[in-house]
Amino acid sequence: MKKVVAFVCVHNSCRSIMAEGWARELGADVLDVYSAGTEVYPGPKPMALEVMNDAGVDMSHASSKLLSDIPSELDILITMGCGVECPYVPTNHREDWGLDDPSGGPKEGFEETRDIIKEKVIELIERVQKGEL
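For what it's worth, the UniProt record's numbering labels the leading residue of the sequence shown as 1, then goes sequentially.
Think of the hints as simulated: they come from the structure by calculation, not from any bench.
It cannot be assumed that every hint is accurate.
Restraint-style ranges between C-beta atoms, simulated for each label pair [claimed, not checked]:
(1) D69 with E132: 17 to 23 Å
(2) E73 with G105: 33 to 39 Å
(3) P46 with M1: 33 to 39 Å
(4) P42 with D100: 31 to 37 Å
(5) S60 with V40: 29 to 35 Å
(6) M1 with E108: 37 to 43 Å
(7) E112 with G43: 20 to 26 Å
(8) L66 with K130: 20 to 26 Å
(9) K130 with G105: 34 to 40 Å
(10) E73 with E108: 37 to 43 Å
(11) E123 with P71: 19 to 25 Å
(12) H93 with G56: 27 to 33 Å
These numbers come from a predicted model, not from an experiment.
Note that the Cβ used here is the ideal one computed from N, Cα and C, for glycine as well.
Construct the entire structure; sequences and hints are all you get.
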């Protein structure tokens, strides 16, 4: 049975979008993946989508969403280190990945963040496969 996971940030425009992309790409067999923000934002950051596409991850599904746009009950809630104060969301596991926001910086910052997120998503998938989450 797949675990329902959501990656949450303030705007759902960069880090959480990248995490959703990696989780869909690498963990579709074990994860039912969502991402959302706590504030309205017009859409994903173009540089976030570009660096994901550079890595071969299809980001055509990407859009900025709010918590109200995703399932209200989750197995796993991951905040991205953006000081998000999430309203109460029923979940079995919650963790914060403590990632700096590369927005406004050079492409290299987005690439570094992308690669860190990939490693964290791989670790998350491994923990789910082992039954730890």
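Verification of the hints:
no., hint, in the structure
1, D69 with E132: 17 to 23 Å, "28 Å, violated"
2, E73 with G105: 33 to 39 Å, "35 Å, holds"
3, P46 with M1: 33 to 39 Å, "36 Å, holds"
4, P42 with D100: 31 to 37 Å, "22 Å, violated"
5, S60 with V40: 29 to 35 Å, "22 Å, violated"
6, M1 with E108: 37 to 43 Å, "39 Å, holds"
7, E112 with G43: 20 to 26 Å, "22 Å, holds"
8, L66 with K130: 20 to 26 Å, "32 Å, violated"
9, K130 with G105: 34 to 40 Å, "35 Å, holds"
10, E73 with E108: 37 to 43 Å, "38 Å, holds"
11, E123 with P71: 19 to 25 Å, "23 Å, holds"
12, H93 with G56: 27 to 33 Å, "29 Å, holds"
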